[in-house]
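Given the structure of chain A, go ahead and fit chain B onto it with the hints provided.
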Amino acid sequence: MGLKGKIVSIDDNKLNLMLIESMLESMNLEIRSFTDPSHALDYIKISHPDLIFTDYMMPEMDGIALIKRVRETEPDVPIVMITAVDDDDSIKLSALNAGASDFLYKPLKLYEFQVRVKNLLSLRKNQLLLKDRAALLQREVETATLKIRMREFETLTIIGRASEYKDTETGNHIKRVAHYSKALSEHIGMDSEFTDALFFSAPLHDIGKLGIPDSILLKPGKLDEQEFSVMKEHTTIGYKILADSEGKYLKFGADIALSHHERWDGRGYPNRLSGDNIPICGRIVAVSDVFDALLSKRPYKQKWEYDDARRFIQENGGIMFDPQLVDAFDKLKEVFLDIMHSYDDADK
Amino acid sequence: MQEENPEPVGGFAGFSFGELQAQIGLAPDVLASLLREFCEDSEADLKKAVEELAAGNVRNSRDLLHSVRSAAGNMRLSFLSEKLKNADEFVKKNDTVYVKELIKEITDILIFIKNETIRRREHGT
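These protein sequence lines map, in sequence, to chains A and B.
Those letters in the first sequence? Residues 1 to 348, by our numbering.
Those letters in the second sequence? Residues 1 to 125, by our numbering.
Isolated chain A, as found in the complex (with noise of 0.2 Å):
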């Protein structure tokens, strides 16, 4: 802006208009006069000026209701009423509340109005550094911020894998899962908060797996009672490894690791919740979890075809699935494909 600011003038006495215009015509500013206060309001939400003078009395629209159109879309610019210094009290209130910066009182006075000027564009000048240094210093933060994420990411996908290698090698598991649980969650309206830590946190679900035996977790063939009653431990041993973090997702790993084997008829593990007393996160990652560990092979059994593993998830709704996830899972046929086929165990 420079001191060559923009200065928009709102009187309906042109005389007065040219009496600020001849006051200021020395500052070298850009100057708009307007008698019509409407026009001035479309002329400002376009310029954006830097300074702006309104009489008060004005016959289509006072000063006051100019000011306040003003603020609908320039919170910040300074704007002056000029008013008599005989105007009541009460009228400078009302443009205060309406969001006046100052006040300038009839008869101006050229030095006084033309160091008034200097300093409300000076003034202006260091708002407008200033939010531009805020909106710099937010990027940074932003961009700073993601990187952390992502790094966090990163570390807990690396987490992840760990106890997806020593239970099946089946590496991309956990980036599918949580790619699924976030189309999943966005589906369903979930906020974006909710689903970004559902997406970062996913990944943990299967942690509690590396307290499980290795004679358990990689036998092949079905477990007996006692194996499978120990390999249901592996539940809240992940929420144990996770919950006293203080890391946020962390923590949201904890309640997906814990819950994601209830069932919605209530006869999953380890707490036999049933229905919406199962957390949100659980019932997402239960899903993505299933169709995934359909469509693998495992050391227990051959992968499904796909067309029979979608089945199984749509027979299961309302059994041991969300019936809204479920349908959610219907609507986002193409979605998954495309989350299988980017993230093909085969091509990694």
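I should point out that these hints are in silico values taken from the structure, not numbers from a laboratory.
All figures in this text were calculated on a predicted structure; none of them were measured in a lab.
Please note that a few of the clues may not be correct.
Within a straight-line C-alpha distance of at most 27 Å, the following computed DSSO-like cross-link-like pairs (lysine-lysine) qualify [said to hold, decoys possible]:
1) A:232 / A:251
2) A:109 / B:48
3) B:47 / A:14
4) A:92 / B:85
5) B:48 / A:14
6) B:92 / B:48
These stretches of chain A come out as covered by chain B in the derived footprint (C-beta under 8 Å, 3 or more residues) [to be verified]:
7) 39-46
8) 106-120
Glycine included, each C-beta is placed from N, C-alpha and C at the ideal position.
For chain B alone, kept in the frame of chain A given last:
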């Protein structure tokens, strides 16, 4: 707040170009051009105010008087401001005859100021 220091010029007390120029601080040419504009616009507005009053449009008449008064105040012509305030009071009282008299008086002053300004410009005094 008015800091008028009346100086009789050409038989009319209350207007002195030099005094006004010192108070406002504008260059003489700029002030002269503003004064001329003010006088011409105000004469037209006052004429319109009388017409509006005659037609019974009190509100319009008062708006016009206020506009001229506001400009006179800004030009530090407080003697005019006072007369315009007075005229407004009598418009409110619907005393059309006296309002017309006052407006005639104000118009005469405006003509005087305009002539004085022109004379000053032409003779550089």
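Evaluated hints:
The straight-line distance between the Cα atoms of residue 232 of chain A and residue 251 of chain A is roughly 20 Å, inside the 27 Å bound, and the hint therefore holds. Simply put, residue 109 of chain A and residue 48 of chain B have alpha-carbon atoms about 30 Å apart, too far for the 27 Å limit, and the pair is violated. For the proposed pair residue 47 of chain B and residue 14 of chain A, the alpha carbon gap of about 17 Å is at most 27 Å, so the pair holds. This hinted pair checks out: residue 92 of chain A and residue 85 of chain B have alpha carbons roughly 21 Å apart, not beyond 27 Å.
A threshold of 27 Å between alpha carbons decides the hint, and for residue 48 of chain B with residue 14 of chain A the separation of about 16 Å falls inside it, so the pair holds. Taking the CA atoms of residue 92 of chain B and residue 48 of chain B, the gap is near 17 Å; set against the 27 Å cutoff, the hint holds. By the rule of at least three residues with a Cβ nearer than 8 Å to a Cβ of chain B, the coverage given for the region 39-46 of chain A is violated, with 0 such residues. As drawn, the region 106-120 of chain A meets chain B at 6 residues by the rule of a beta-carbon pair under 8 Å; at three or more, the given contact holds.
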